[in-house]
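Just so you know, the sequence shown maps onto residues 1 to 294 in the numbering used here.
Calculated from the structure, these hints are not laboratory results. Even glycine gets a Cβ: it sits at the ideal position worked out from N, Cα and C. Hints are not guaranteed to be accurate.
To be verified - DEER-style ranges, computed between Cβ atoms:
1) ASN264 x ALA88: 33 to 41 Å
2) ALA176 x THR114: 16 to 24 Å
3) ALA285 x ALA111: 34 to 42 Å
4) ARG21 x ALA231: 26 to 34 Å
5) ARG165 x THR227: 17 to 25 Å
6) GLY294 x VAL90: 18 to 26 Å
7) GLY77 x PRO19: 32 to 40 Å
8) PRO11 x ALA258: 46 to 54 Å
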Amino acid sequence: MLDVVLAPRGPLRTGTDVPGRVALRQGGSAATTARWLARLGARSTLVCAIGRDPEGRALVAVLQAEGVRVRATRVTGERTGRIGVLVAPVGERSFVADRAAADRLAPADLAAPTFRADLLHLPAYSLLGEPLGWAGRRAIELARGTGALVSLDLSSVGPLLAAGRQAAARLVRDAAPDVLFATRVEAEAILGRRDLDALRELAGIVVIKQGRSGATILAGPRDAPNTFDVATTPIDAADTTGAGDAFDAGFLAAWLAADADVRNRPATLRRAVLAAHRAAARQLASVPRELPLG
Numbered sequence: 001m002l003d004v005v006l007a008p009r010g011p012l013r014t015g016t017d018v019p020g021r022v023a024l025r026q027g028g029s030a031a032t033t034a035r036w037l038a039r040l041g042a043r044s045t046l047v048c049a050i051g052r053d054p055e056g057r058a059l060v061a062v063l064q065a066e067g068v069r070v071r072a073t074r075v076t077g078e079r080t081g082r083i084g085v086l087v088a089p090v091g092e093r094s095f096v097a098d099r100a101a102a103d104r105l106a107p108a109d110l111a112a113p114t115f116r117a118d119l120l121h122l123p124a125y126s127l128l129g130e131p132l133g134w135a136g137r138r139a140i141e142l143a144r145g146t147g148a149l150v151s152l153d154l155s156s157v158g159p160l161l162a163a164g165r166q167a168a169a170r171l172v173r174d175a176a177p178d179v180l181f182a183t184r185v186e187a188e189a190i191l192g193r194r195d196l197d198a199l200r201e202l203a204g205i206v207v208i209k210q211g212r213s214g215a216t217i218l219a220g221p222r223d224a225p226n227t228f229d230v231a232t233t234p235i236d237a238a239d240t241t242g243a244g245d246a247f248d249a250g251f252l253a254a255w256l257a258a259d260a261d262v263r264n265r266p267a268t269l270r271r272a273v274l275a276a277h278r279a280a281a282r283q284l285a286s287v288p289r290e291l292p293l294g
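Construct the complete structure from the given sequences, taking the supplied hints into account.
Next comes the structure, spelled out in structure tokens:
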């Protein structure tokens with residue numbers, strides 16, 4: 001996805017313009033997670049759909065330069081997806097999604113050998129709509145068929161709850177992720193209540209991202225739970241875009257590096273969260289690069 005970032009220096013004023021910065025950047029939750037996995041030493045492949053346009057070519061080139069293997073379906077008649085990111089002066093973000101070609105990925109576009117991996121990671125977007133939702137579910141089937149683990153990030157409340165809370169919970173339950181990532185807002189939205197313990201029914205490991213407050217881990221069954229918090233050093237950032245995706249990559253890279261028989265132990269999970277915090281901090285501290293077009 002192409003991120004079109006609008007960062008006004010002050011409050012917007014209806015009917016006129018205000019000074020600020022407009023930037024074109026590499027975006028997309030899955031793409032950013034794949035990029036950070038590669039930066040952290042993992043071999044990552046991004047499976048996606050783009051338009052036959054300069055934006056799509058530029059996005060693929062940026063990821064390949066970072067070491068990501070890209071399996072992109074180029075969709076005729078659709079432009080590469082775009083996200084308008086409005087960054088308020090206090091750092092809060094709002095989004096306008098024009099997903100276009102990104103939603104046109106279909107099950108027939110998936111090559112089985114691509115999914116011979118240790119883990120398949122999906123943002124919830126990949127399970128929504130048609131044909132993309134069908135492709136996401138087919139990807140899980142292909143990955144599970146080779147013994148891969150599955151992780152899922154709830155990504156955004158609006159799209160997730162578009163068909164209602166029960167449909168959202170069913171979507172996650174059917175995916176049966178080994179690891180589920182969610183912000184506290186997303187977790188409470190899908191449950192309809194503040195008791196987050198019920199998330200254990202949806203995944204073996206639940207990682208609740210709480211921004212400046214760190215993260216909470218829910219692991220183990222409800223009759224023998226492991227629940228603990230992992231603090232982080234708060235960082236003041238003008239734009240937090242991509243930090244959650246970097247967090248996912250940091251956790252997954254560290255978690256997968258551990259031996260399988262100790263992955264679910266509290267010490268291993270704690271180290272994985274600390275690695276996630278470090279990756280998110282690097283994302284927040286980095287100077288965003290303009291996407292080179294042409």
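Hint-by-hint comparison with the structure:
no.: 1; hint: ASN264 x ALA88: 33 to 41 Å; verdict: holds (39 Å)
no.: 2; hint: ALA176 x THR114: 16 to 24 Å; verdict: holds (20 Å)
no.: 3; hint: ALA285 x ALA111: 34 to 42 Å; verdict: holds (37 Å)
no.: 4; hint: ARG21 x ALA231: 26 to 34 Å; verdict: holds (32 Å)
no.: 5; hint: ARG165 x THR227: 17 to 25 Å; verdict: holds (23 Å)
no.: 6; hint: GLY294 x VAL90: 18 to 26 Å; verdict: violated (34 Å)
no.: 7; hint: GLY77 x PRO19: 32 to 40 Å; verdict: holds (37 Å)
no.: 8; hint: PRO11 x ALA258: 46 to 54 Å; verdict: holds (47 Å)
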